[in-house]
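A.B. asks: Heads up: the sequence lines are chains A and B, in that order. Numbering-wise (the working numbering), the first sequence opens with residue 26 and increments by one. Numbering-wise (the working numbering), the second sequence opens with residue 10 and increments by one.
Since the hints were derived computationally from the structure, they do not count as laboratory data. All C-beta atoms, glycine included, are put in the ideal place defined by N, C-alpha and C.
If you want the ones that stay clear, here's a sample from chain A, every Cβ over 12 Å from chain B, calculated: (1) Lys62; (2) Cys142; (3) Ser216; (4) Phe219.
Reference excerpt, derived from the structure (chain B facing chain A, CB under 10 Å, subset only): (5) Pro15; (6) Tyr18; (7) Ala22; (8) Gly25; (9) Leu26; (10) Gly27; (11) Leu29; (12) Gly31; (13) Val33; (14) Leu34; (15) Ala37; (16) Asp38; (17) Lys40; (18) Val43.
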Amino acid sequence: MSPVVKILLFMFSCVLTNNYIFSRFLGVCPFLGVSGKVETAFGMGLAVTFVMTLASLFTYFVYYYVLIPLNLAYLNTIAFILVIASLVQVVEMFLKKSAPSLYSALGIYLPLITTNCAVLGVTILNITEGYNLLYSVLNGTFGALGFLVAIVLMAGVRERLESAKIPAPLKGFPISLVIAGLMSIAFLGFSNMFAGVM
Amino acid sequence: MAQYLPILYAIAALGGLGILFGLVLGLADKKFAVEVDERVKAVREAVAGANCGACGYAGCDAYAEAVVRGEAAATACTPGGAKTVKAISAIMGVDAEAGEAKVARVRCQGTCENVSPRYDYSGVSSCRAASGIAGGPNACEFGCVGLGDCVAHCAFDAIEIVDGVAVIDDDACTGCGMCISACPRSIIQMLPKDQTVVVMCRNEAIGRIARLQCKTACVGCKRCEKACPSDSIHVIKGVAIIDETTCTRCGACIPVCPMHCIVNFYERDPEGEAAATAQAELLNPKEN
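Could you build all of it, start to finish, from the sequences and the hints given here?
C.D. replies: And the structure:
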């Protein structure tokens with residue numbers, strides 16, 4: 026199998042079969058919190074993509090060039106949190122300067138990427154799955170792409186819900202949770218899609 | 010010593026990483042510094058700062074930004090009163106005058122003694138919940154439920170429930186109006202601070218029924234209408250309502266009310282009236 030096909034398969038498996046939200050249930054807080062409008066959901070997805078890719082890159086170096094030589098692999102979680110928190114801070118400053126409208130639209134959810142377990146999940150999975158540098162970064166990017174797809178789909182559904190007739194007790198978050206569950210079941214259909222090839 | 014080395018490594022590694030990231034963040038902060046308008050900060054400090062939303066913006070920060078952008082009036086912060094208006098005018102270099110000082114008034118005297126009970130309520134302690142059940146725990150379905158939804162919404166601790174009726178402390182009330190939207194019975198009204206004559210009832214039932222429900226209910230007898238020299242009090246939908254724009258605060262309607270539901274708000278507290286007049290003069294010197 027050529028490396029390009031392999032990477033393409035890896036992308037589809039990250040986005041569809043191993044979707045961080047729908048099959049690993051990571052990063053559900055921003056998924057529900059920022060999925061009110063497609064525009065902000067897209068912005069949030071891009072911010073997460075940026076942070077996840079960079080986090081995968083940096084944690085790879087931190088893990089293999091700092092923690093492993095010093096025999097400190099058991100400190101990976103706390104070291105990764107440090108990396109992610111700093112990255113998010115830099116991204117926040119960058120957005121505040123260059124895209125103030127996106128910055129105010131993301132609001133409280135931007136600092137929340139720090140505690141977005143999907144970001145930490147990606148970096149730790151990179152280690153446990155034993156990915157090399159290329160695949161670690163690709164896992165970060167494609168995992169975040171899966172997050173982006175999920176949150177934009179959700180935002181699209183929720184925008185339509187605004188004008189739908191919903192029974193009063195289900196309005197707002199209850200119906201969102203029901204929809205998230207249904208979407209998760211739908212994504213279950215992709216499971217084992219690449220089991221024979223990968 | 011050797012057995013402690015891993016700990017030292019761990020401290021050095023994490024500490025080093027921390028210092029490194031700290032330096033990067035420090036540099037990024039310099040590079041991506043955003044200049045904040047000094048006036049926003051100043052206005053933010055001048056307003057009352059309760060995030061009550063009386064100005065119509067999402068909070069004090071949003072209001073301060075809107076003022077500096079020139080979108081919001083300097084007078085919109087009611088809780089801040091004349092002092093805030095003055096401060097904001099000074100910051101923004103505009104000439105703004107404070108509006109009439111207003112306070113919230115609970116128009117009900119349905120204390121435990123006056124109003125007859127309908128049933129014994131033991132549900133969730135919320136006026137909105139209680140008033141939805143068979144017309145509320147009191148016989149009068151227009152009056153104060155007394156479970157304190159307004160107390161919970163008051164950011165200034167100005168309301169307390171005394172003997173089953175909400176009582177607002179005029180000195181503490183800033184006129185933000187949060188209690189008005191909290192009250193399921195709409196008995197709280199924003200009135201000018203010097204409007205001392207108030208009809209303390211909202212009961213729209215016909216006289217006979219109103220009398221059964223509460224000892225001080227307005228029965229709609231229209232005696233106050235006849236007594237009023239300035240034609241400012243009218244019985245509308247079975248309850249007397251004062252038009253505060255024409256009312257001269259003469260108090261002619263008070264003694265003629267057979268149900269004692271029109272009161273002079275400062276009669277019980279003569280010092281309060283003096284304070285109110287003093288404040289009114291301070292705010293509207295033209296009226297002198």
